[in-house]
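Protein chains in written order, with UniProt numbering: chain A, 1 to 116; chain B, 1 to 953.
These are computed hints drawn from the structure, not numbers from a lab.
These numbers come from a predicted model, not from an experiment.
It is possible that part of the hints are untrue.
Footprint (simulated), chain B over chain A, 3 or more residues, beta carbon under 8 Å [unchecked claim]:
hint: 1; region: 24-32
hint: 2; region: 38-45
hint: 3; region: 67-75
All C-beta atoms, glycine included, are put in the ideal place defined by N, C-alpha and C.
If you want the building blocks of each chain, they are given just below.
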Amino acid sequence: MEALVASAVAVLTACGVYLVLRRRTFPVILGLSLLSYAVNVFLFATGRLVQNMPPILSKYADATYTDPLPQALVLTAIVISFGMTALVVMIALGAFLSSDTDRINTTDTPESGDNA
Amino acid sequence: MSLVLIALLPFLGAILPPLLIRAGRNAAAWSAGGTTLLALVGLLTHAPEVMRGEVLTARIEWVPALGLNMNFFLDGLGLLFAGLILGIGLLIILYARFYLSREDPMGQFYAYLLMFQGAMVGIVLSDNILLLLVFWELTSLSSFLLIGFWKHLPEGRQGARMALTVTGLGGLSMIAGLLILGQIAGSYDLSVILTQKDAIQASPYYLVALILILIGAFTKSAQFPFHFWLPHAMAAPTPVSAYLHSATMVKAGLFLMARLWPVLAGTPEWFYIVATTGLVTMVVGAKIALFKDDLKALLAFSTVSHLGLITMLLGFGTKIAAVTAVFHIINHATFKAALFMSAGIVDHETGTRDIKRLGGLRKLMPITFAMVTLASLSMAGIPPLNGFLSKEMMLEEAAHTVWWHSHYLLPALVVLGALFSAAYSFRLIAHTFLGPQRNDYPAHPHDPGPGLWLSPAILVSLVVLIGLFSKAIAGPIVAVASQAVIGDAELPYYSLKIWHGFTPALYMSAFATVAGLFLLWQHKPLERLWNALPRPEAKTIFEALIAMLVRASERLTNALHDGSLTRYAGIFVVFVFGMASYAYFTGNAPAHIKPLGDLGPLAVMGWVCLVVSASCVVLYHRNRLLALVIIGVTGLMVSLTFNYFSAPDLALTQISVEVVTIILLLLALNFMPKDTPIDSTKAQRVRDVVISIIAGVGVGGLLYAVLLGDFSQPSISEYHLANSYKGGGGTNVVNVILVDFRGFDTFGEIIVLGIAAVVIFALTESVLASNVRARLLNREPDQPIAGDAHPMMMVVATRVMMPIALLVGVYIFLRGHNLPGGGFIAGLVVATAFVMQYMASGFAWASARQTFPYHGIIGGGVLIAAATGMGAWFNDLPFLTSAFGYVYLPGLEKFELATAALFDLGVFLAVFGAIMLALESFARYAWQPGIESEHPMDINPERDDPKVSEGEA
Numbered sequence: 001m002e003a004l005v006a007s008a009v010a011v012l013t014a015c016g017v018y019l020v021l022r023r024r025t026f027p028v029i030l031g032l033s034l035l036s037y038a039v040n041v042f043l044f045a046t047g048r049l050v051q052n053m054p055p056i057l058s059k060y061a062d063a064t065y066t067d068p069l070p071q072a073l074v075l076t077a078i079v080i081s082f083g084m085t086a087l088v089v090m091i092a093l094g095a096f097l098s099s100d101t102d103r104i105n106t107t108d109t110p111e112s113g114d115n116a
Numbered sequence: 001m002s003l004v005l006i007a008l009l010p011f012l013g014a015i016l017p018p019l020l021i022r023a024g025r026n027a028a029a030w031s032a033g034g035t036t037l038l039a040l041v042g043l044l045t046h047a048p049e050v051m052r053g054e055v056l057t058a059r060i061e062w063v064p065a066l067g068l069n070m071n072f073f074l075d076g077l078g079l080l081f082a083g084l085i086l087g088i089g090l091l092i093i094l095y096a097r098f099y100l101s102r103e104d105p106m107g108q109f110y111a112y113l114l115m116f117q118g119a120m121v122g123i124v125l126s127d128n129i130l131l132l133l134v135f136w137e138l139t140s141l142s143s144f145l146l147i148g149f150w151k152h153l154p155e156g157r158q159g160a161r162m163a164l165t166v167t168g169l170g171g172l173s174m175i176a177g178l179l180i181l182g183q184i185a186g187s188y189d190l191s192v193i194l195t196q197k198d199a200i201q202a203s204p205y206y207l208v209a210l211i212l213i214l215i216g217a218f219t220k221s222a223q224f225p226f227h228f229w230l231p232h233a234m235a236a237p238t239p240v241s242a243y244l245h246s247a248t249m250v251k252a253g254l255f256l257m258a259r260l261w262p263v264l265a266g267t268p269e270w271f272y273i274v275a276t277t278g279l280v281t282m283v284v285g286a287k288i289a290l291f292k293d294d295l296k297a298l299l300a301f302s303t304v305s306h307l308g309l310i311t312m313l314l315g316f317g318t319k320i321a322a323v324t325a326v327f328h329i330i331n332h333a334t335f336k337a338a339l340f341m342s343a344g345i346v347d348h349e350t351g352t353r354d355i356k357r358l359g360g361l362r363k364l365m366p367i368t369f370a371m372v373t374l375a376s377l378s379m380a381g382i383p384p385l386n387g388f389l390s391k392e393m394m395l396e397e398a399a400h401t402v403w404w405h406s407h408y409l410l411p412a413l414v415v416l417g418a419l420f421s422a423a424y425s426f427r428l429i430a431h432t433f434l435g436p437q438r439n440d441y442p443a444h445p446h447d448p449g450p451g452l453w454l455s456p457a458i459l460v461s462l463v464v465l466i467g468l469f470s471k472a473i474a475g476p477i478v479a480v481a482s483q484a485v486i487g488d489a490e491l492p493y494y495s496l497k498i499w500h501g502f503t504p505a506l507y508m509s510a511f512a513t514v515a516g517l518f519l520l521w522q523h524k525p526l527e528r529l530w531n532a533l534p535r536p537e538a539k540t541i542f543e544a545l546i547a548m549l550v551r552a553s554e555r556l557t558n559a560l561h562d563g564s565l566t567r568y569a570g571i572f573v574v575f576v577f578g579m580a581s582y583a584y585f586t587g588n589a590p591a592h593i594k595p596l597g598d599l600g601p602l603a604v605m606g607w608v609c610l611v612v613s614a615s616c617v618v619l620y621h622r623n624r625l626l627a628l629v630i631i632g633v634t635g636l637m638v639s640l641t642f643n644y645f646s647a648p649d650l651a652l653t654q655i656s657v658e659v660v661t662i663i664l665l666l667l668a669l670n671f672m673p674k675d676t677p678i679d680s681t682k683a684q685r686v687r688d689v690v691i692s693i694i695a696g697v698g699v700g701g702l703l704y705a706v707l708l709g710d711f712s713q714p715s716i717s718e719y720h721l722a723n724s725y726k727g728g729g730g731t732n733v734v735n736v737i738l739v740d741f742r743g744f745d746t747f748g749e750i751i752v753l754g755i756a757a758v759v760i761f762a763l764t765e766s767v768l769a770s771n772v773r774a775r776l777l778n779r780e781p782d783q784p785i786a787g788d789a790h791p792m793m794m795v796v797a798t799r800v801m802m803p804i805a806l807l808v809g810v811y812i813f814l815r816g817h818n819l820p821g822g823g824f825i826a827g828l829v830v831a832t833a834f835v836m837q838y839m840a841s842g843f844a845w846a847s848a849r850q851t852f853p854y855h856g857i858i859g860g861g862v863l864i865a866a867a868t869g870m871g872a873w874f875n876d877l878p879f880l881t882s883a884f885g886y887v888y889l890p891g892l893e894k895f896e897l898a899t900a901a902l903f904d905l906g907v908f909l910a911v912f913g914a915i916m917l918a919l920e921s922f923a924r925y926a927w928q929p930g931i932e933s934e935h936p937m938d939i940n941p942e943r944d945d946p947k948v949s950e951g952e953a
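So here's chain A without its partners, still in its complex pose:
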């Protein structure tokens, strides 16, 4: 099970990094989203993986619970990553509308036939 989660996070990270290394804003934003997934799952998993032990206290049984702390951390991280994505998208959109190109590198010179 651990190998499954670790490999899934590995794939998410690799896909995210590849997209982040693209030259246009939109794929980079998608890549950042994939990276956020990977990071969130990573942080969450540092509390170790358990099944059917949600951190909801039960008054009937002397149950064991999963680690609640990474969950609280990741919950806010998810919401903040929405804020970050929205801001980055807005910057990308503003930049595209103002400059007519969605390239992210100032070193790339726009060639003829650029369909941006």
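Place chain B on chain A using the hints.
Relative to chain A, chain B alone:
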């Protein structure tokens, strides 16, 4: 008055002058003077105790874990310096009132001056070296503002920059030195450090700490070779020069050397570094001063020279030399401040400070002439003025100091310095006031009103009185201050008097005076010789050095930072991977735990979905819409993963965030190209694939190692699980952590979210205010517009679902404390319900029915959260301490009321407002006046003509 208050009073008072300047310049000056007087009186109330030899302390814990405390103490040395700073400060405030012209912003001036004063008082009263460092840096900053006060003068700005660079660099070095010292002594409190002499001098780090601290002190006190900044700081208004360069800023370095004298002095290293630097500075400064034509430059180099003299005395390391140093600090402060202010008067009344254009002012400005003569003669060391007394003691001490195995070298050089000193002092009198009266002064010189001459006159009378009645006036304070410098040792025998008999010092002094007169007589030919000789210009060297550094850093920055974000990201990934690998292969792995064995079909299916969807996002990323749809699948799978591994709250949050994120990206994609062209070569793509595989393998490997290993330290989660119900009153531990245990984090988080939303709004405003708006209005959509812009089924469905969705939101909110849910998730759910209305019925329709602005909702949420947190203060509890209780109402089960729920309401509102404000901003790009429709359910048969007229339906 508490010592803390004395140190803080000037800072508090600094806000008054800028406010009161509206009531006139006198009001501003009175407020500054009143603040200083109050602090001075507060200080003097402690004087009797200090004079008895007591040491007063005041302690406030600030960051005890770092050893940083607001500890102040007042001993003789502190009293002397604080008295000089506040006393001369008072005189300067009076002088500046009449010196500054109507155009100068006087409120600002006094504010800077008081800030500087506070920082100086802080330095001399600090008992904690970290606190001292804070004040030390504050003096650098506030003196920068003061030196550059005349912003319109390039010399002022350059001088201020130079002073800040040199003293700031010295300050950095001093930080390192004092930290080492604190480490050796085991405490950052001066009162402890000062008792650790043996440990410090035996430490292998003694020399390093000594050199670093001395660099700080030497730069501040303008010691050779750092002396060059001080003359350039003369571009400041004269009150600033008189204050900073006579009694305060440049004395801070001397103060530090005197303060640490008990533990640092007495070693050969100390003697050779400090005494030699002081000696060289004294001779070089005095020699240059003789050939300066600008009155203030002459005084500046003479200050350098006298600071060198005091440094040398401290460097001797003997007790009697320390006493002499303390005495000369007092004397120098009195005559030098008086001279600076008098030079300012000459400048003010004649319009020039150039000695070559002056002369013969004796009859025109008799009061100024008298003051300058007395102060200059004191500076030259002529009896019976106070400068003579300390100079005699210095010469006496120098006469029997062995330097470099020679009995004669040091006395000879000291006499040389004294000789130049006498010569420039005589020149100051002779070339400014004596000689024939001229008729080409730039203005009509005359003595100023008492407002200007009163301050220097008070100081000059001190010069005379200390000279005549030294024992009565200066004796007691010299004794207690010297005692503080030399520590626990017995005070040596000394005598503050004019006549000591025919001693070597007297002969040296007499020779220096006569030779000084000779130099004055021969000044013209000497000056020709001086001008003919090549000499290094410190300013040119300094500027060339700075320019070189700027060029080098520019080259480095441009080489690393070439504008290619892709490159930065690639370097970052590889670098992090390298660092992590290093850590992984050199660290110790914790013990393994038993892995979760079973691989159910559900888990494998989920894994396949996740991996395939993520890969498809990459494969199809050139088709942006398709990629967006697929990434939604990935998000959904992540949400299911959370649910599978016992995190229902995370699953709920993830799925609702996913919805709004996709909508947001769709809104943005509407205006962006729908395809991504290929612009990287095959080789680049291969390289990127390699980098991403490295990153994936690294992260995956790390996570695998983490998951198989046990916690390396006991988890703090047990505490949260155990206290969630008892202390927080909730059974959903995640929610209790968010709103209670870590409420402060959450509070910060909603503020960040709110700021992000407001920034998005602001960006939208600024983009739409530019010519982009016109282009958007005239935009031809690149895809056909739907004929049915607001499909009837969707509109009806969303309107029916709205109350249900709201109810679900309320339900999730209310149960959040005990079951999965809470403010974050409820905010997301309610936002989704609202967004559905915008999507189905159109922006115009929805915003016409939305009466509360979203900014207000964000602000309201943050305020509610803050108010809830502050409520704890009324019960004397820390911010955000929660309270809860159970309520029994007839006919209902017992239920809970908790302040945490109120805090959660704030979270709910802030999250809701932030999401809506962000989405609304994006939607405003699409708004076109033509397609506004009051009837969202209308069908428009003319697909390409968006105009709908009434009754056409």
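Here's how the hints hold up against the structure:
Against chain B, the region 24-32 of chain A contributes 7 residues with a C-beta closer than 8 Å to a partner C-beta. That satisfies the three-residue criterion, and the hint holds. For the region 38-45 of chain A, the stated coverage by chain B is satisfied: 6 residues place a CB nearer than 8 Å to a CB of that chain, which reaches the threshold of 3. With 7 residues having a Cβ less than 8 Å from any Cβ of chain B, the region 67-75 of chain A passes the three-residue criterion, so the hint holds.
In summary, the structure agrees with every hint in the numbered list given earlier.
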